[in-house]
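Protein sequences appear in the order of chains W and D.
Taken in order, the first sequence gives residues 93 to 208; the numbers are from this note's numbering.
Taken in order, the second sequence gives residues 126 to 235; the numbers are from this note's numbering.
Heads up, a few of these hints could be off.
[As the list claims (entries may be wrong)] Restricting the straight-line Cα-Cα distance to at most 27 angstroms, the calculated cross-link-like pairs of lysine-lysine (DSSO-like) are: (1) D/Lys167 / W/Lys99; (2) W/Lys99 / D/Lys230; (3) D/Lys222 / W/Lys99; (4) D/Lys192 / W/Lys157; (5) W/Lys157 / D/Lys127; (6) D/Lys167 / D/Lys230; (7) W/Lys157 / D/Lys167; (8) D/Lys181 / D/Lys230; (9) D/Lys230 / D/Lys192.
[As the list claims (entries may be wrong)] What follows is a set of in silico ranges between Cβ atoms, one per label pair, in the way DEER data are often shown: (10) D/Lys167 / W/Ile155: 23 to 33 angstroms; (11) W/Pro159 / D/Glu182: 36 to 46 angstroms; (12) D/Arg166 / W/Ser176: 17 to 27 angstroms; (13) W/Thr112 / D/Thr149: 34 to 44 angstroms; (14) D/Lys192 / W/Gln130: 22 to 32 angstroms; (15) D/Glu128 / W/Glu146: 18 to 28 angstroms; (16) W/Gln120 / D/Lys222: 12 to 22 angstroms; (17) W/Thr171 / D/Ser193: 42 to 52 angstroms; (18) W/Thr148 / D/Gly141: 44 to 54 angstroms.
If you are wondering where the hints come from, they were derived from the structure by calculation, not from laboratory data.
Note that CB positions come from ideal geometry on N, CA and C, so glycine has one too.
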Amino acid sequence: SAVISQKPSRDICQRGTSLTIQCQVDSQVTMMFWYRQQPGQSLTLIATANQGSEATYESGFVIDKFPISRPNLTFSTLTVSNMSPEDSSIYLCSVVTRQVRNTEAFFGQGTRLTVV
Amino acid sequence: QKEVEQDPGPLSVPEGAIVSLNCTYSNSAFQYFMWYRQYSRKGPELLMYTYSSGNKEDGRFTAQVDKSSKYISLFIRDSQPSDSATYLCAMSLDLNKFYFGSGTKLNVKP
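Only chain D is shown next, with the shape it has when bound in the complex (with noise of 0.2 angstroms):
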């Protein structure tokens, strides 16, 4: 069973639509978790950093870690066309040491 488990889609939504991304995971001592955005030819850049359970919003996003499902979710509002990435989650015991998912690829189409 791997570390964690994402939907590597395509997610394909109309601008404006609300998207939800999503992780599953198995190891009940991560503490840290991350979601990432990678377009196509360049590395990964943070785009929310939550520790433990509970919410964080940051702008059009929202991130979601309930430890007790072990499920952590990545919500974008009114989404563009410049949201178009694969978005990566990752997570950690005490960030010496990062899991990723294989990644989502979204589409927002104008």
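Extracted from the complex, chain W is given alone in its bound form (with noise of 0.2 angstroms):
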């Protein structure tokens, strides 16, 4: 299994500032994924993180505003920039692990952000 560390766990900005969520994993991991989950709503994958290389985004998410940092295999974080009360939201990293018999997503708690 593995064990994510996620902080801050919540917080509330201003409009028009940035905050960064951290992301740490007690093993090294070769995809990490960030995820938006707003209320009432499901998980919606925002882009995955690869050590080494650039964050791939998916449709409607665009690295100025959501910049992803991978530096190394255990740790990522991601940047919500020039917040909005739109992106007020919980978001949540999460590692896939491979195992012999088994594959299992990890999730972090969250960050839940509120924009005011």
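Work from the hints to combine the two standalone chains into their complex.
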């Protein structure tokens, strides 16, 4: 299994500012994922962060708005830039571990962001 | 059309009831099917994982996949108040990208 520490757990931010969310994993993983979970909605993949290369963004998400860093195999950050109230959501990082008999996706506790 | 459809509920049942949670999907290429449980203010945690069609049982939980109907189910037997949470289905073609349902909120009343 993988243990993911994500911080901050919550924040209230002013419109127009930026927030960087950190994700630390207790083991080395190739791929880390960032999701957004809006109230009453499913998890939406923002981007896939690979160590040593640029993140791959899903349709509707761009690097200027959600820059991602992946400096090593256990850590990643997601920045929500120039925030607006529409960015209020829960942001989750996730990793996938592949074992011989099983593959699991693990999630951090999430960062609950409120933009005012 | 969404890739994955899930009834948002809420679903309220008495303790001890059998709970049935369901998702439908549109992409017949999905091979991996998962159920996650998410407690309030927590991240999702994996409950069940199934590859391709068939049933899988783990304690009080049974996951079923019917690929011909593009329909998956999670059954909870002898439901407990501690089962009260939001249940998310998820599926994937290759475990590189996951598609999630919107989640069903379950409340088990003592």
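Earlier hints that do not hold, by number: Hint 4 alone not satisfied by this model.
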